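> These are the residues of each chain, in order.
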Amino acid sequence: MRDLTDDDRSGALLRRVFNSEYGFLVVVLTLLVVGLSLAATNFLTPSNAVAILHQSSLVLIVAVGMTFLLITAEVDISVGANLAFASCVVMDVINQTNSVALGALAGIAFGAGVGLINAFVTLVLKVNSLIGTIAMMMALQGGVYLYTREAVQNHHQIEIFPKIATGFILGIPVPVVFAAVVALAGWFYLARTRGGRLVFASGANEAAVRLSGYSPARVKFGAFVMTGALVGLAAVILASLLNAGQPTAGTGFELTVIAAVLLGGTSLMGGRGTILGTVLAVLILKIIDNGIIMLRWNQDLQIIVPGLVLILALYMDQKKRGPAHG
Amino acid sequence: MKSTHVLSAVAIAAALSGTTALAQDGEGLRIGYIVNYATHEWYQNVILGMEQRAEQLGHTVEVIDANLDMARQVAAAEDFMAREMDVIIMTPVNEEGVVPILRRARADGVPIVLEGNPAPGMQTVVAICDYDTGYLAGVAAGEALGADAEGIRVMNVGLPLLSATILRSRGFMDGLQTVIPSAEMVHDLDGGGNPDRSQEVSAAALAADSDIDVIYGINDSSALGALQAWRAAGLPEDDLMVVGTGAEGLAFLNEMQTEGPYQLEAAMFPEKIGFTAIDTAVALFNGEEVPEYVISPTTALTLGEVSSYYSYDGESREIQWDAVNALEAPEQCMMYASDL
Amino acid sequence: MGKSDVATAGAADFHDLAPALAVTGLSKSFPGVKALDDVSLSVRPGEVLALLGENGAGKSTLIKVLAGIHKADSGQIEIDGVPQDFTNPADALDAGIKVVFQEIALIPEFSVAENMFLEDHLAGKANLVNWREIHRRAQEIFDRAGFALNTRAKVKDLSVSEQQLVEISRAMARDARIVIMDEPTSSLTPAEVTHLFGVINRLRKLGIAIVYVSHKLEEIFEIADTCVVLRDGRWVSTKPTSEHTPASLVKDMVGREITSLFPHSDRTVGREIVQVEDLSSKRLDDISFHVRAGEVVGFFGLMGAGRTEVAKAIVGFDPITKGRIRIDGEDLKPHSTVRSKALGIGLLSEDRKTEGLMLDGSVTRNMTLAALDQFTRNGLMDHRAETKQAEGFVDRFAIKLARLGQPIRNLSGGNQQKVLLSRWLMFGLKAVVLDEPTRGIDVGAKAEIFALIDELAAQGLAVILMTSEMPELLGLSDRIYVLSEGRMTGEFTRENATQEEILDAAIR
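As they're listed, the protein sequences go chains A, B and C. Take the first sequence: its position 148, counting from 1, is numbered 148 in my numbering, and each next residue is one higher. Take the second sequence: its position 109, counting from 1, is numbered 109 in my numbering, and each next residue is one higher. Take the third sequence: its position 196, counting from 1, is numbered 196 in my numbering, and each next residue is one higher.
Careful: at least some of the hints might be erroneous.
[To be verified] Cut-off 30 Å, straight-line C-alpha distance, at most; resulting in silico cross-link-like pairs (DSS-like, lysine-lysine):
hint, chain 1, residue 1, chain 2, residue 2
1, A, K126, C, K430
2, C, K34, A, K126
3, C, K239, C, K251
4, C, K71, A, K126
5, C, K239, C, K333
6, A, K126, C, K322
7, C, K216, C, K239
8, C, K333, C, K216
9, A, K319, C, K71
10, C, K216, A, K319
11, C, K156, C, K34
12, C, K251, A, K319
13, C, K282, C, K156
14, C, K282, C, K205
15, C, K388, C, K34
16, C, K156, C, K216
17, C, K333, C, K388
18, C, K282, C, K251
19, C, K282, C, K71
20, C, K400, C, K430
21, C, K154, A, K319
22, C, K239, A, K126
23, C, K322, C, K34
24, C, K205, C, K154
Everything labelled a hint here was simulated from the structure, so no lab data went into it. All values derive from a computational prediction rather than experimental measurement.
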């Protein structure tokens, strides 16, 4: 009974905020916003807020799926390659059929199909998902060049298509609306439904879930396919944003996504994680990205700083949870 | 048709068996090209130009892709030399990395033409002038805006990693300022040379300061990515001018044809580079005097001018050789990487 | 079993000797806990001292202080009358204390001899390893101790008990005067335990003092000369084993009288709930049995006999190759846990950590895992109903916790086991399979679990109990099946079961 009283103990406000579930993220986010507002006069403007949200939306859409996957103790490294390939599929199908809807459906179906294969490799062939999806990443990176050597252009110049990514609904960019809907749905599912409970349980202890009369394989299958489908949705937005399918796009995308999910407090070992944490982490990473340009710092820092923040976050997390594990 | 099939079959058989003698219908040269990255549209068009020119002259070109791998490039060069190709053209993956090959080729008496970047110990390099390309586009942009335009503000979507792309950006600003001296660069960005990254960094920069009149991209992807960021920010397109560089593929053509802000393209004619590389290779083989730097011409194109250089049917483009060949290349570039 | 010989042989020499190890007034605190509070004990050469106590009594802390891993806050450690001051494990080793931990710390890829001289062999001349000398010295130690070990065998190819011998030999290689064994029999077969006791007796004849830590009372009465009991970090008693009875030992450990460890209420046995015919799998061969409502049926077998395999097969967790399983008349087809749960049978796994608990999950979430459907309306969780149910079970089984939301990791083993049992009771089963339900649980909590098992049967559940603990088997079961190497080798009723016959069947 000894280490249970920790959180009842009252302490300095900051300390308590820091030790709460999202404490670290909220503190970092606040520091970033305050610091950047002081350092760059243009930071705290509606147009920059919109730009940051816009930038966050692609990562967030996929990060929601990745949060589910990591909670079930699986991972998908192929999301970046899948994104590039799916964006080409979207554009190609639009070119072939002259229909934006069919193109979008094809992209989502393609992404989900990749997720399906990942699920099959992991759950049926029992290949560790880290390795299986790296293999899938390689297959997709090579495969996309068999499919198209160059960027797939919007041949028919359909006007409406680029508007998916650049349009606004009630002053909010369309991709942000998509991302918000995806994040809300993901949050609701994890927090409120029986299925969400099984997502956590499957990652925390697969054997226990099986012995309790549920199928963790089915849960994981769902997470893989959902992640793939969300990559497909992101690919529609990306293709729209670039008005083309880019076989070279998405390099390092998987790392950004996984970094965001981990920064958000989801455990690589499974069983723990939240959508709100992921949302906060995506915002942090994108604000860092944005701030570096605002401050006109060397853009190479855009890769270095998030890496450092991630290490710091995981260290803080470990420190916070440390005593309970002794 | 049939005879070419037989020919290529023989060529493949010869290549596989490693024999050096290759059946050719008499006098045509066997030219080997080691491209550094065939995936890119740019190099595909370089290869296209080579093949078209070689066919005209009755030579054959064989292409190997080093795929950005120096080791693979060395292996390909050794392979070509073992098979006694008449001339080798290569785009160095790495300028230092090709030095041993150049040394060996010189010892073996195999002529080598470099494409794109010079390297120590080379005989000749075929390249465009990056600074000049940017400069010409800058001048054209200045003229389009009008010499009396005031306070022109520029966003440069650059790539500070490479000297070539630094030269382009600098040339563009210098050219623009010769017409409009008050023009200033407001954002100097690293767009990574790809559209998604360019889009991201431009979005952030535009959020900081969106009072921009001209966007310059060091390639088409950079310019297009920045333009998409502009649109995503919901900014008005009426008074914007976008200038791309390269005329690499179809994307810029599509965009220009919408008659939007993408008004100017600094065309570098990759096909023409391939064309010039073949001519240089043949001259080198024949023992003619070849300058160390062979310059392939570039020019700035408006929508009205594009169609005389490229015919376009929405699916593919076709270079108009007469127009391109009529362009004059300068004897020397205005600025080289070594001047940076 | 030469118990009396051994005891007298040992007793003859050591009583007049000065202590090899004497601990006086040892205290050690961790933030918020006093792990050791003024503990004293002494061991003489050739004496086997049993160190007893429930989990959290301070045994592990004491061992770690003696091994030089922790530093005591106050108190003194003397070896052969010389005060010691250990600052690290190497000091303790140099002073002659060797601890054989539960987790054996050998290098699997190295040979036996190499492992024995791990610390020494680099110190040779010019940093060269003298292999011949190492093997010669290892063999010498084996001869002296009477161990049948090959010095050149790789450690990874040895059984757990053989690895323990290597650890003990390692102690002898360093002339250890005091060997501390931490639960050495927890993963040994009965034959290996007998062998280990032979080894301990040889060690005591060599004048080595032994501190023996174990939960298993039968072992204590067989091997120990003296019993030291700790409770809540404090010393409780030191007595010769001969003055103890099992009841008096348990009383010292738990701090209260436990009247009946194995309650057995009168209950009415109903219809057959579990019917298994000709069950075969990779490790099982033609197993048939039945269990009726209100009956506790025990399965006994040595390690590897197939108890866990039967348990996992009949709940659809492990695949079967042949046979028919019926639960209350319905076939377990398809052979899955989803189906078995629907039919009303569930398993409490022997491996709490890897197959039962979500360690970082809250008590509530762990408890309601099997019964989620009860708290689901249109796919949505009713958290309030869930918490209410969980509270009910916490009260009913007197589960000790701070709050329902705390991670289950922080509960004691006994309380964790009660939560896992609640998981199935909340769902409502007709038959429950309990695989080693008291493994790693304190004596006090064991008694509560036993009472719970009896209560379940009384309520009409069919209870299948897999156990390797003979007292537990005999005390709880109405009927007993014995397994050996995947086959059924005996069936006994409560009345005609004897320890000898059961063991006989278990090695058949």
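> Taking the hints in turn, state whether each one holds.
Against the structure, the hints:
A threshold of 30 Å between alpha carbons decides the hint, and for A/K126 with C/K430 the separation of about 34 Å lies outside it, so the pair is violated. Of the pairs offered as hints, the one joining C/K34 and A/K126 is violated, with about 47 Å between alpha carbons and a cut-off of 30 Å exceeded. Of the supplied pair hints, the one linking C/K239 and C/K251 holds, its CA atoms being roughly 13 Å apart against a limit of 30 Å. Note on C/K71 and A/K126: the hinted pairing is violated, with a Cα-Cα distance of about 47 Å set against a maximum of 30 Å.
Under the criterion of a C-alpha separation no larger than 30 Å, the hint pairing C/K239 with C/K333 is inconsistent with the structure, at around 57 Å. The hinted pair formed by A/K126 and C/K322 meets the criterion: a straight-line CA distance of about 25 Å does not exceed 30 Å. Our distance criterion of 30 Å between C-alpha atoms is met by C/K216 and C/K239, whose separation comes to about 17 Å. Using a Cα cut-off of 30 Å, the hinted pair C/K333 and C/K216 is violated, with the two alpha carbons roughly 41 Å apart.
This hinted pair checks out: A/K319 and C/K71 have alpha carbons roughly 24 Å apart, not beyond 30 Å. Among the hinted pairs, C/K216 with A/K319 is inconsistent with the structure: their alpha-carbon atoms are about 37 Å apart, more than 30 Å. For a cut-off of 30 Å, the pair hint linking C/K156 to C/K34 is broken: about 39 Å separates their Cα positions. Proximity of C/K251 to A/K319 is assessed by CA-CA distance (about 40 Å); at most 30 Å being required, the pair is judged violated.
Among the hinted pairs, C/K282 with C/K156 is consistent with the structure: their alpha-carbon atoms are about 25 Å apart, no more than 30 Å. Annotation: proposed proximity of C/K282 to C/K205 is violated, straight-line Cα distance about 45 Å (limit 30 Å). Distance check on the hinted pair: C/K388 and C/K34 sit about 35 Å apart at the alpha-carbon level, beyond 30 Å; violated. For the hint pairing C/K156 with C/K216, the CA-to-CA distance comes to about 28 Å; that is within 30 Å, so the pair holds.
Between C/K333 and C/K388, the direct Cα distance comes to roughly 34 Å. Violation of the 30 Å bound is thereby established for this hinted pair. Of the supplied pair hints, the one linking C/K282 and C/K251 is violated, its CA atoms being roughly 44 Å apart against a limit of 30 Å. The suggested pairing of C/K282 with C/K71 is violated, with an alpha-carbon distance near 50 Å, which exceeds 30 Å. Proximity of C/K400 to C/K430 is assessed by CA-CA distance (about 27 Å); at most 30 Å being required, the pair is judged to hold.
Of the pairs offered as hints, the one joining C/K154 and A/K319 is violated, with about 39 Å between alpha carbons and a cut-off of 30 Å exceeded. Annotation: proposed proximity of C/K239 to A/K126 is violated, straight-line Cα distance about 56 Å (limit 30 Å). Distance check on the hinted pair: C/K322 and C/K34 sit about 56 Å apart at the alpha-carbon level, beyond 30 Å; violated. At most 30 Å may separate the alpha-carbon atoms for a hinted pair to count; C/K205 and C/K154 meet this at roughly 29 Å.
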